[in-house]
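Enquirer: Below are the chains, spelled out letter by letter.
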Amino acid sequence: MTSISKRASIYRNAILIFVVFWVLLLTITSVTALKPISVSRLEDANEQIAEIEEEIANGEKDSDDFRYNLLKERQKMLPQREHYYTVCMIMIMIFIVAGMLFQMIFDLHFAGPFGAFCMLLAIGVTFRTIYSCDRKSVLLLALAMCAVVVGYFVSGILLTRLNVHNYSIGKDHENNRHGDVVSVVLYIGCMAVIAACLVWSFAGGITDKGAVTSAKITDDASFQPGEIIKLFLLCMGALSYKKLSRTIVYFLTAIVCCVVFMYHHDLGAAAILATVAIIMLILLIDNRNIVAIIIVSLLILAGLAVLVLFAFKFDSFTYAMDRITNTWHAMELENGEPTQQGKLLRALVFGGIGGLGFGESIYTINITDIEKDMVVGGITAVFGLGMLVIVIVCYLITVLLPLLNTAKSSLAYFVLAQTAVLLTVQILLNFLGSIDVIPFTGVVSPILSEGGTSLIVFSGLYGLVFGSLNQSFGKLKEETRS
Amino acid sequence: MRRQEKRKKFVFIALAILLIISIPLCSIRVLYASKEMNEKDVVDYTNVKPVVLDRNDNVVFENDTLVDYTAYGNTIGLPGFMDNALISRYYDELKPANVSPIWGYRTLEQEPRVMETTLLNKEMQLAVAEAFGGKTGCCFAFNYETGEIYTALSLPEFNPNNPDTSYINRCFDSTFIPGSTMKVITTALAVDQGLDLSSITHYCQGYETLESSPKPIDCTGRHGTIGFSDAIGLSCNCFFAHVASLLNVDQALATLKEMGFNTTPSQEAEPEYIDRFIKKGSSVNIQGNTSFSDVWSFVGQGEDLVNPCDMAMIAAAIVNNGKTAVPYAVEQITNPNKKDKVLYTIPEETQYVNLLSPATAKTTKETWKAGVDKHYYNSFQRLSEKIDYAKTGTAQIDTENGKIRNKTLIGVIEKSKTAFYIVIEDFEDGGIMPVDVANRLAEVLPVAQPVTEEAAAE
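Protein chains in written order, with the working numbering: chain L, 1 to 482; chain W, 1001 to 1458.
Any given hint could be a false lead.
Computed footprint of chain W on chain L; a stretch qualifies when at least three of its residues, placed anywhere within it, have a C-beta under 8 Å from a C-beta of chain W [said to hold, decoys possible]:
no.: 1; segment: 277-285
no.: 2; segment: 415-424
no.: 3; segment: 431-445
In silico lysine-lysine, DSBU-like type, Cα no more than 30 Å apart, as pairs [what the hints assert, rightly or not]:
no.: 4; chain 1: L; residue 1: 242; chain 2: W; residue 2: 1006
no.: 5; chain 1: L; residue 1: 372; chain 2: W; residue 2: 1415
no.: 6; chain 1: L; residue 1: 243; chain 2: W; residue 2: 1009
no.: 7; chain 1: W; residue 1: 1339; chain 2: W; residue 2: 1369
no.: 8; chain 1: L; residue 1: 243; chain 2: W; residue 2: 1323
no.: 9; chain 1: L; residue 1: 243; chain 2: W; residue 2: 1415
no.: 10; chain 1: W; residue 1: 1040; chain 2: L; residue 2: 209
no.: 11; chain 1: W; residue 1: 1338; chain 2: W; residue 2: 1257
Just so you know, the hints here were simulated from the structure itself, not pulled from any lab data.
Even glycine gets a Cβ: it sits at the ideal position worked out from N, Cα and C.
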C-alpha cells in the first residue's frame, strides 16, 4: 500500500517536473523567436511615429491621435517585452515548484489539474506577449497566483468548517447548527456581493462596443462585475444543496443577473449564467414535482422579464438578431473590411495545422481583441492545431478529471460541477464565437484571455477546485476516513 | 448517491457531446472559410502580384502598376478596372494559388507568375501614341504570318489617376464607320465575283446620280474616266458606286460573311474574341445595290461598322494569299514557383484563318498596290515608302454637336509582315492624319523573322 502511495507520489511529482520543463522550453523558444520580431516592430513603430509627428507638426493630426498614442505605448513596451515575459514565465515555474513541494509535504492530489492550469497560464502569457507584455502583466500574474492560493485555502476552510455530513452526498441530513450558520452567512455574503456588483454595473458601467461589460473604480481602473458575479453565484449554487428556499433564491438571483446582463447587451455572460443555472437545476433538486413547479414558475418569470426588458430597451433584440443573422457570414466584407471573425478565420487558414508561428504572427496584430475575446482561435492561428489540442487537454484535465474522480463532499461536488459547466461553456462560446460558428458573444476564455478581473476570478475559482480535490484538511480528512 | 452519480454522468456526457460536436463544426467552418478566401486575401498576405513582360522581356506590369498607362493602359489594364484587358482576361492563370487550409501559408507562392506578351516595348508604343498628337483614336497592328499583336493602342489611355479616363480599348470594344477603307473590301468583292477589273472603267463627273434616290453620291473630285487602280488610289466614290451596281448582292454578302462581317445586324451576334479580348464584330446592313444607303455601304459610308482588328485581318489576308494568322497578344504564362511550369501557351503551330480565296487575294493585292504606288507616295498623302499598302478613309458622323469626321487608314508593311488599321476621331483640317501614325509605326516595328519552311509551305 505504501509502495503504491509512493509510486503515485512519484508520478504526481513527475507530472509537475514535466510541466516545469515544458514551460522552460516554451520560454526559451518564445524569447528567441520574439527578439527579432520586437526589433523589426520597434523599427516600424519608430518610422510610423516619425511620420505622425510630422503630420502633427503640419497641423494635419492632433497630438491626441489614437494611433499615435498606441504606437508610443508600443515603442515603450517593445524593448522590455522579452524581459517582462521571462519574469512572468519564471514566476510560473516557481509557482509550479512551490506547488510540487506543497504537494510532497502535505501528500496532496492535485498534480494533474494544477499542472494543466499552469500550462494554460504559460500558454496565455506567451500568446498575450505577442501583442503586449509589461509591468502590468507581471502584476496581474502575481495577483492570479495569489488568487489561486486564496481560493485553495478558502475552499479548504469551507470544507473543514461546514459539517461534512451535512454536505456529503449520499449521507443522511444531520443538523449541525455551526455548519448551517456558516453556510447561511456565506450564502448571504455571496448575495450581497452579487447585489453590489449589479448596482455597480448600473452606477459605474462603461459602455464598450455597445455592451456594458465593465464598471469604473477610478479613472484608470475598472473591473468586470460579470466575472465576479459568476464566481459568487457559483458559490451560492454550491451552498444550496438540499435547501429548497436557497435553491429558489439562487435561481431568482441567476435570472435577475441574466436579465441585467441582457440589458447591458452582454449576451454571452447571460447565456453562460443561464446554462450554469439550468445544469444546477438538474443537479440540485430531487423532488420531481418541485422541479416541475420551479421550472414553470421560472419560465414564466423569465418570459416576463424578457418581455419587460425588450419593451423598455427594444434595441437589445435587434442587436442580438444582428449577431445571429451575421453568423457564418464573417468572411463577407463589412464596409470594405472583413469582420474581426473573418480576419481570424483568414489567420487560421493561413496558419494551417502548423500555425503562423511567431514570425508570421504579425498577420494577427490588427485583429481587435484577439488576446481577449478570440484568444482560443488566436492561439490556434499562431501556434497551430497542436497547441489547440494542448489547450483542450489542459482544460479537460482541470475540469472534467476532478468532476469524474472526486465527490467526497457536496460542496466540492457542486463547485466542480458548476466550474466544469462554466468553463466548458465559456471556452466553447469564446472559440466557436471567434470563428463564426455561433454568434459572437465577446466572452473571454478563462486563464488564457487578457483581462484583470477574469484572470483573478478564474484563478480563484481554480483555487477552489484544487481545494475541493484536497482531502487532507483536518476535520474533513478525519470524517472521510471514519 | 446513485441519482447524483447519474446526474454527474449526465453533465459529463452533455459537456463531452458539446465538445465533440464543436470539433467537426469548427473544422467545417475553417474549411468553408478557406473556400471563401480569394486571390485578394492571398495577395494581401504574400504581396506577390503578377508580372507582365513585353516582347523584349522588359517588365511592363508589376505590383499592380503599369510602367506607362499611355503605352499599355488599355491593353494590359489593371485588375478591377479594365475588364477587357489582358490582366483581367488572364487572371485565372495569373492569380496566385489559393492557400491550403492544411499547410497554410507554407504552400503559398513566393514568386510572381509571369505573362510574356508580344506587345512592343514602352518606347515604341509611346512613339506611336505620340504620333496621334493628343487626338482620340486607336491603332491595331499585328504580324499576319505569326499572329503576334504588336500594338493595340487606344487613346485616350486608361489611367486610374485620371478622373476622365477611358475604360475601353477602341481596337476591341469599338466599331467605326470605315470610310473609304471599305473600298479595298469592295474591290475584293468584285474580284471574288469574277469581274475583270482591268476592263472596268467609269466616268466620274464629281457625283453619281442614282435612279432610286434624288440625292447623288458625292465624290472627292472630278476624276473623269477612271479605272480600278486609280479609283482606289484617288478614292473615287463614283467609280465604286458604279462597281456596286455590278455586284451580285447575295454573293457579296456571303463573301462579307466569310470575311467576318455580320450581314444581319438586326440579329444579335455571337461574342467574338481576339486572343481573349472580347471583340465587337464588324457589320454591314446591305439589302441591295441600288438604294442610296446600300450604294454608300459599298463605298464605305452607309451603315457599315468595322472593327479595327477585323479590318487589319482583311488587309493581311489580301496581301497574304487570302489567309492570315490569328492575332494573339499573350505568348505564354509561367509559374516560377514550380520550375517555370507553363500555365498557358500559344499552340505550337500558328493558327491561320482563310478570309479570301488566294486568287481573289492576289488580284485585289495587285490592284491595290498599283493604286498605292501611283497615288500615295507624294507630298499630299505623305505615305512612307516603308509602307507597302494603304488606303485612307474619311467617315462622316452625325453627332449632337453637328457633323464630325473620323479618319481611318488600312494598310500593310510587308517588311515586318504587319497589317494595321488606324482611326483618328474628330479630325480637323490640317491636323494629324492616320498616315502620320502609320509612318511612325513603320519606323518602330521590328523586322519580321522568316517563318518556318513548313508554315510557309502551308
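Enquirer: All hints, please: hold or fail.
Expert: So, going through the hints one by one against the coordinates:
Evaluation of the coverage hint for the segment 277-285 of chain L: fulfilled, as 3 residues show C-beta separations to chain W shorter than 8 Å, against a requirement of three. Using a Cβ-Cβ cut-off of 8 Å, 4 residues of the segment 415-424 of chain L lie near chain W, which meets the minimum of three, so the contact claim holds. For the segment 431-445 of chain L, the assignment as covered by chain W holds, since 5 residues bring a beta-carbon within under 8 Å of that chain's beta-carbons and 3 suffice. For the hint pairing residue 242 of chain L with residue 1006 of chain W, the CA-to-CA distance comes to about 17 Å; that is within 30 Å, so the pair holds.
Restraint check for residue 372 of chain L and residue 1415 of chain W: the C-alpha separation of about 72 Å exceeds 30 Å, so the hint is violated. With a CA separation close to 23 Å, the supplied pair residue 243 of chain L and residue 1009 of chain W stays within the 30 Å bound. Distance check on the hinted pair: residue 1339 of chain W and residue 1369 of chain W sit about 50 Å apart at the alpha-carbon level, beyond 30 Å; violated. Distance hint between residue 243 of chain L and residue 1323 of chain W is unfulfilled; the C-alpha atoms sit about 100 Å from each other, more than 30 Å.
Note on residue 243 of chain L and residue 1415 of chain W: the hinted pairing is violated, with a Cα-Cα distance of about 106 Å set against a maximum of 30 Å. As the CA atoms of residue 1040 of chain W and residue 209 of chain L are separated by approximately 29 Å, the hinted pair is consistent with the 30 Å bound. For the hint linking residue 1338 of chain W to residue 1257 of chain W, the alpha-carbon distance of about 45 Å lies beyond 30 Å, and the restraint is violated.
The structure fails hints 5, 7, 8, 9, 11 (numbered hints given earlier, in ascending order).
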